[in-house]
Every structure is written in structure tokens, then in C-alpha cells.
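For reference, the chains in residue letters:
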Amino acid sequence: EAQVTQNPRYLITVTGKKLTVTCSQNMNHEYMSWYRQDPGLGLRQIYYSMNVEVTDKGDVPEGYKVSRKEKRNFPLILESPSPNQTSLYFCASSLFSDRWYNNEQFFGPGTRLTVL
Amino acid sequence: QKEVEQNSGPLSVPEGAIASLNCTYSDRGSQSFFWYRQYSGKSPELIMFIYSNGDKEDGRFTAQLNKASQYVSLLIRDSQPSDSATYLCAVNLRPGLHNQGGKLIFGQGTELSVKP
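Quick note, the sequences are listed as chains A and B, same order. Numbers given in my numbering equal positions in the first sequence, counted from 1, plus 61. Numbers given in my numbering equal positions in the second sequence, counted from 1, plus 72.
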């Protein structure tokens with residue numbers, strides 16, 4: 062089954078304790094992206110990657126890191142989480158080709174993170 | 073001005089009625105437009121996309137695009153209680169713009185409630 066998986070689905074942690082949220086897709090997609098979703102603010106892009114070893118900042122990258130060592134995986138790293146990073150996080154992936162008009166993004170199930 | 077704007081709602085319609093969801097965007101060069109549905113606590117799922125002016129129909133859903141007015145809408149005919157969700161409009165940046173041809177900009181979403 063074609064899918065994007067994220068782990069963990071729920072996480073409660075404390076300020077300053079490093080954490081990693083994993084994301085994996087099995088569709089051989091080049092493009093992967095991390096979003097956070099907060100009430101009233103919609104989906105905001107944190108980081109994206111257009112292929113292996115190619116990553117760039119999105120709209121709200123502060124406090125986050127990513128890596129793309131393999132095509133299928135795109136982990137999100139919070140080196141020192143703070144309460145303002147409490148949010149619902151989504152990973153997404155899509156093809157990146159000349160058919161740009163149909164680059165549907167497939168979303169993972171989400172990770173609800175609470176930082177105390 | 074936000075890049076993609078939607079009325080946050082909630083929009084309430086009776087069962088069987090037509091629900092009309094609207095979205096405006098600021099980048100006149102935007103080329104493709106997506107409508108996602110998101111149930112509470114779940115990930116967004118694609119309903120349909122459109123990139124040519126006019127209407128595109130898929131079952132009970134019709135997307136309408138007017139590039140001159142920078143306006144895209146989604147009509148849901150014969151609305152059902154199961155259509156109650158938040159609907160996200162997303163706009164694809166112009167290919168080649170800052171090398172972000174794969175990036176989608178999301179509106180904040182419109183909450184739809186269909187009453188039995």
C-alpha cells in the first residue's frame with residue numbers, strides 16, 4: 062500500500078529534551094516536506110527536500126533540523142524543544158517532475174507533539 | 073495580504089444543499105490549485121485539483137477556477153453530514169520560482185458543517 066508513515070503518533074516531552082520524528086514514504090517520491098498545523102494558522106511549511114541531500118527552509122524553520130540521507134526517509138529533529146513547538150506535525154511527499162501541475166502531496170497520519 | 077485566503081467559517085448548510093467554498097490567492101503566476109479535505113485530527117486528503125480556467129467536475133464535487141480574478145472555489149452538491157470537515161485550498165508556486173516548483177501554499181481552511 063502506498064503510504065507515508067510517521068512515528069511517533071503522539072509524544073509528550075519536556076523543554077530541552079532532543080527528539081526526532083521519523084517520516085518514511087514508499088512511493089519513490091523525490092519531494093518531501095514537513096508542516097506544522099496550529100489552530101487558525103493552517104498548514105505552515107517547516108522544511109522541504111527536493112531529493113537526497115537537498116533540503117531547504119520553509120516558512121517556519123526556526124528550532125528544527127532535517128536530513129535526507131535516503132530517498133524514502135525525512136526525519137524532523139528538534140534539538141531543544143520549547144513549548145511553542147507544541148503542535149500537530151505532518152510529513153508529506155510528492156513526485157517532483159515536469160508534471161508540476163499535478164504534484165499531489167500525500168500526507169502522513171500526523172504527530173501530535175506536546176512540549177511541557 | 074496572505075498568499076492564500078479562505079473564509080474560516082464555520083459554514084453551515086443543511087443536508088442535501090450545495091456548499092460553496094471559496095479561496096483567493098495573491099500570486100498571479102500560480103498555475104495549479106488543490107482542494108484537500110481534513111477531518112478533525114486526521115491528515116489532509118486530496119479531493120481534486122484544477123489548473124485550467126473554468127469548471128472541473130468529479131462526482132458531487134466541482135472546482136471552479138478564474139485566474140483573472142485569482143479565485144478558486146469548490147462546490148459540493150447534495151451535501152451529506154459525512155462532508156463535515158475542514159476544506160483546505162492549496163496553490164502551487166510557479167515552477168522555477170525560487171526552485172520551489174513542488175511547494176504548495178495552503179490557506180487556513182474553511183470548516184464546513186452539514187446539518188441532518
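The hints are simulated quantities; they were obtained by calculation from the structure and are not laboratory data. Source: prediction; values computed, not measured. Using N, Cα and C, we set each Cβ at its ideal position, and we do this for glycine too. Please note: incorrect hints may appear among the correct ones.
Claimed, not checked - Here's a subset of chain A near chain B, in silico, CB distances under 7 Å, partners left out:
(1) Tyr71
(2) Gly103
(3) Glu165
Tested hints:
1. Tyr71: Violated. Min distance 11 Å.
2. Gly103: Because about 4 Å separates glycine 103(A) from the closest Cβ in chain B, which is inside the 7 Å limit, the hint holds.
3. Glu165: For glutamate 165(A), the interface hint holds, since the closest Cβ of chain B sits about 5 Å away, which is under 7 Å.
When each numbered hint is compared with the structure, a violation occurs for hint 1 only.
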